[in-house]
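Using the hints provided, position chain B with the ligands relative to the given structure of chain A.
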Amino acid sequence: MSKRVDVSDLHVYYGDFKAVEDVTMTIAPRSVTAFIGPSGCGKSTFLRTLNRMHEVTPGGRVEGTVTLDSEDLYAPGVDPVAVRRTIGMVFQRPNPFPTMSIRNNVLAGLRLNGVKEKATLDETMERSLRAANLWEEVKDRLGKPGVSLSGGQQQRLCIARAIAVEPQVLLMDEPCSALDPISTLAIEDLIGRLKADYTVVVVTHNMQQAARVSDSTAFFNLAATGKPGRLVEMNDTATIFSTPSQRVTEDYISGRFG
Amino acid sequence: MVGRAGEPVGLGPDRRAAARGRRGDRLFHGAAATAGVLVVLIVVLITVFLVVHAVPALLHDQANFLTSRSWDVSVPMSFGILQLLWTTVATSVLALAIALPFSVGIALFLTHYAPPWLSRPAAVLIDLLAAVPSIVYGLWGAYIVAPKFAPIQDGIQHLLGWIPLFGGVSAISGGTTMLLVGIVLAIMVLPIMTAINREVLAKAPAAQQEAALAIGATKWEMVRTAVLPYGRAGIISGAMLGLGRALGETIAVMFILSALPQGSAWTWSLFNGGETFASKIASDAAELTPGLGTGAYIAAGLVLFLLTFVVNAVARLIIDGKKDFSE
Ligand SMILES: Nc1ncnc2c1ncn2[C@@H]1O[C@H](COP(=O)(O)OP(=O)(O)OP(=O)(O)O)[C@@H](O)[C@H]1O
Ligand SMILES: [Mg+2]
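As given, the protein sequences belong to chains A and B, one line each in that order. So the first sequence is numbered by our numbering: it starts at 50 and just counts up by one. So the second sequence is numbered by our numbering: it starts at 10 and just counts up by one.
Because the hints were derived from the structure by calculation, they are not lab data. Bear in mind that the values here come from a model prediction, so they are computed numbers and not experimental data. Don't be surprised by glycine CBs; every beta carbon is placed ideally from N, CA and C. Some hints here could point you the wrong way.
Unchecked claim - Some but not every residue of chain B turned toward chain A, in silico, with C-beta under 8 Å:
# : residue
1 : D34
2 : A220
3 : E230
Just chain B, same shape as in the assembly:
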């Protein structure tokens, strides 16, 4: 491949080097191809594994898997994912709704408003937050925040109780509710989203920012016309990454969220307890034995897998749909 300028490749003393170069190419090509195939293979195998174990359990399910709220996996099995799905999606979406404006705001501040002596240490600090293990967030949420959060929750309930999302739930007390989980999850996904947004917003081209200022934009108007639109695709990607992490978060949710009493009534309220897919699987894992019962959990895991997949696909669509105008 590589010959000295003016020297025909593969002639003279360079021939051996050239041969070595070609071998290197082949090796690299082989390694890359193997890795690529391996990744696809692993995903396929995981999917096959999930499906193979889920199907027998689903066939024995006495209840409707999609619409039932009960979870009974001893034969005769009757289990459904409705409650799990709602708890998972509601807490994660709530986390995203809180984290998104904060992460964009912090990233904007760090990249366009703060002086360098402040923005660099602050960025490091936020990155450090990402390194805190989820168990710490779980303990902190359950034992430190929850008791203090309970009175605040009562206040919200008092003021906004007429909205179904904030209705009272008598069975759950002590603040260990979906609302608190959503808030803790928001804090957990904030660092990664902020880091991504920071990167994206810092790369907004200076030329367009100057263009905005030159037609008489204020700082904030400049940010709105020349920084935020530019960062849109990246912000969406970051949000989806955050949502994905929130959907799959296990240990913190398990620690904080109160379990629902048997046969409790359906409610839209965020002051309810419950379990997410991940926390349900984790908390019951100790009692799992190979067989149909385990299959039910694997089916639930499969739904979580699909959910994350759909979230990512939707994000792709949004980003690609905007491509025309974001070159």
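Here chain A stands alone, though its shape is the one from the complex:
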């Protein structure tokens, strides 16, 4: 239940503006990959091309290929809706559906797929909430609105919602940046456990977090202001944080810019 992502020669545009240039990388299954880099270098933009969310933005388009276990995501005839079902996403701000209960938030994806049997739904809900490390905290109030939870709990609810549809890959864009330190630790702990089943990609501004949770790290940077962002280097997290091959990477990690 976990697949490999290969990106080659990917260019990402907003209309005429090229936001990310020429990215080639491999994201290994059953591992956590961290994207780091200064603000505006295109981490979110690039992440969103991996599940075809980028094209939802007016003018958003890509050149190049992204494959999931050698299946081209951008091939003609591939339904972006199906891609997003296979590659889930968690956002920076927790965004549970405000009109839905905790239970219905988790099951929203399954309901879209037309699943109706109560047994399946109940089973999936409990499994997803347990996997998101939230079950014990909410099992007595599943009918309460999702937005009645704390920010950290809401983010874990969103993770439960994302994994309820059993994706192959889970993309997370700064999932802890709106959370307090305790909730952050809870999510980091969860990410560590999720990689047993999923290919996980995490964008983060927090160097310690990248070092703590990820197996490999990709460093993005802008060639110059106004130029598109690009992938500077990618390697084992340990290597990136101890002996990066590029000077800019070392400068960024040691806090000398960005």
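Same frame as chain A, now just chain B with the ligands:
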């Protein structure tokens, strides 16, 4: 109130400015309070006026005011509102039933489907429809649409005549029926409802829309999970505003709807003619003289007033009842 940073308020050269600020506050407070009291006072006075003039007429009423269908205001008076109430409510509810899906659909299209070069001019066009005076709708409905509508009506009657709402009414011909009024009213309330729905649906938060797409929702599923539920309260408010306008619409109804012949039998059919509260009062206004007879019309006006009031109260209840889940 306002002092420069680090400077005690009311000291030094700022003192006069501060005093002026306080006076401004007091003036504004006074003006706001006066306006508030005035509004309440006006509503109370209108209600008192209506009640004072209605009660004597009601006391002289030989018929049951609520259940009688006749309207005879020369002494001895015998008048009731049943026919007026039915015509008013049926045409307005019909208008709402037609306008609601259209306005939501158009608003959804403009906010979530149409490209910007189309949605902006289309929105302006729909707003323009709201500026067309009701007399124009009345003339258009009565003289242009009604003759063309008559054969369609006959067809509906032929097919669905077994449903009481679509039963045949021999006395009314030419298409100038409640059904046509309902349709014209729907067109009249469409712009305001569409404008409100557009505003509401455009404000649906992007975060939830992305959330829906990210779990594999199609565009329409995204709209259903993350846009429509969010807009629910606003859509209901808009619908009630539209219903309120339809209930009170006067001149267009007066122009289109055929009057009922004396002593015609009761029917549920939408192919009937009749008069609404507003159109009845307007069409008889020329003959009104102060006195008991006028009181009867004022009593009818009072019922219309209550009706709109109830509609608004119900809308409030629906919206507040949903608050828990729509934060
Ligand atoms: N909707 C958009 N339309 C046009 N340009 C955009 C849009 N979103 C982002 N950009 C541009 O694309 C570039 C990359 O932005 P992106 O949000 O991907 O950066 P990021 O690395 O995620 O930054 P941060 O760390 O602050 O989240 C920036 O120059 C930004 O201005
Ligand atoms: Mg970002």
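Each hint, compared with the structure:
no.: 1; hint: D34; verdict: violated (37 Å)
no.: 2; hint: A220; verdict: holds (5 Å)
no.: 3; hint: E230; verdict: holds (5 Å)
Taken one by one, the earlier hints fail for this structure only at number 1.
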